[in-house]
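Whole structure, please, built from the sequences with the hints as guidance.
Numbering that gives the first Met the number 0 puts the last residue of the sequence shown at 239; the count rises by one with no breaks.
Treat the hints as calculated values from the structure; they're not laboratory data.
Check before you lean on any hint, since a few could be wrong.
[To be verified] Simulated DEER-style distance windows between Cβ atoms:
id, residue 1, residue 2, range
1, 172, 220, 13 to 23 Å
2, 175, 65, 32 to 42 Å
3, 68, 161, 33 to 43 Å
4, 95, 60, 35 to 45 Å
5, 226, 123, 16 to 26 Å
6, 231, 159, 33 to 43 Å
7, 51, 161, 43 to 53 Å
8, 143, 120, 32 to 42 Å
9, 60, 140, 32 to 42 Å
10, 94, 169, 12 to 22 Å
11, 154, 197, 14 to 24 Å
Backbone N, C-alpha and C define an ideal beta-carbon position, used for all residues, glycine too.
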Amino acid sequence: MTAKLSWLITAVLGVIAAAAVAITVPNAVTSWRLTRSGPEPLAPGLAALSTDQLAELLPKQADFPAGWIIKADTEPQQGFGYFAWHKPDRMMGFKPEECATVIGVADTGDMRAAEVSGQNPARASEFADISLTIGREYNPAGFDDMIALISRCLRSTATTGPFQFRYTVAILEDTHPTDGPQRFRYSVTTHYPGPDAKTHTEYYSYARVSQLVLSGSGSDGHQQLFDPLFDDTLRRIRVR
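Here it is in structure tokens:
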């Protein structure tokens, strides 16, 4: 593998890890309030919980393997609105262009409230291997919009100079029961150029319940730990 290709692979992994980092554009959503009368909570449903209360629902250090590096973020977002970011398709040559967001945690119509991430010290990477985020939902259509986008992007490519990266999506779960949270899970496998045919798979899970959206990601080789952490967090939210 050439040094240039190795650098590009590292850069792509950086884009994957940073895809959820966005520019917050305040866009107050107040339509739900128009149908209410009398004293109003800060937000509908469980979104009315404080940031600290939402953070308590996330996994703690003891839930991760011993030695893992855990970071918690409860810094509240300023404003309540949507995400707009820097058109990665322009930089990476994505086709179809709309599929650029497939390589990171997708926009589900929520605003991040609390997050926890864990990094396996045995893996030589500066990025988290597992992350879980609870967000307050502001766009009820956002979750279904995300599912529709991912379903349109089962195969995509990104071209950088002479190198082309291929992405394949496998939908693992798409459920919307009447008596439970709406859930969506999928994996994204990156196929790197070069004679060694290197691949990398990321796992993504989403759940929508009571005006909250739980989202998370697990890196290659950590699905067996990521899935139960996500499920346990969702159970804590449901019984809150």
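Here is how each hint holds up against the structure:
1. With their beta carbons about 20 Å apart, residue 172 and residue 220 fall inside the hinted range of 13 to 23 Å.
2. Distance hint check for residue 175 and residue 65: the Cβ-Cβ separation is about 37 Å, which falls inside the suggested range of 32 to 42 Å.
3. Between residue 68 and residue 161 the beta carbons are some 36 Å apart, a value that agrees with the proposed interval 33 to 43 Å.
4. A hinted range of 35 to 45 Å holds for the C-beta pair residue 95 and residue 60, which are about 41 Å apart.
5. Separation of residue 226 from residue 123 is about 24 Å and conforms to the stated range, judged on CB atoms against 16 to 26 Å.
6. Here the CB-CB span from residue 231 to residue 159 is close to 39 Å, well matched to the stated 33 to 43 Å.
7. For residue 51 and residue 161, the hinted distance range of 43 to 53 Å is satisfied, since their beta carbons lie about 50 Å from each other.
8. Under the hint 32 to 42 Å, the C-beta atoms of residue 143 and residue 120, about 38 Å apart, fit the expected range.
9. With their beta carbons about 36 Å apart, residue 60 and residue 140 fall inside the hinted range of 32 to 42 Å.
10. Judged by the Cβ atoms, the range 12 to 22 Å given for residue 94 and residue 169 holds: they are separated by roughly 20 Å.
11. Roughly 18 Å separates the CB atoms of residue 154 and residue 197, a value that falls within the hinted 14 to 24 Å.
Hint compliance for this structure: no hint is broken.
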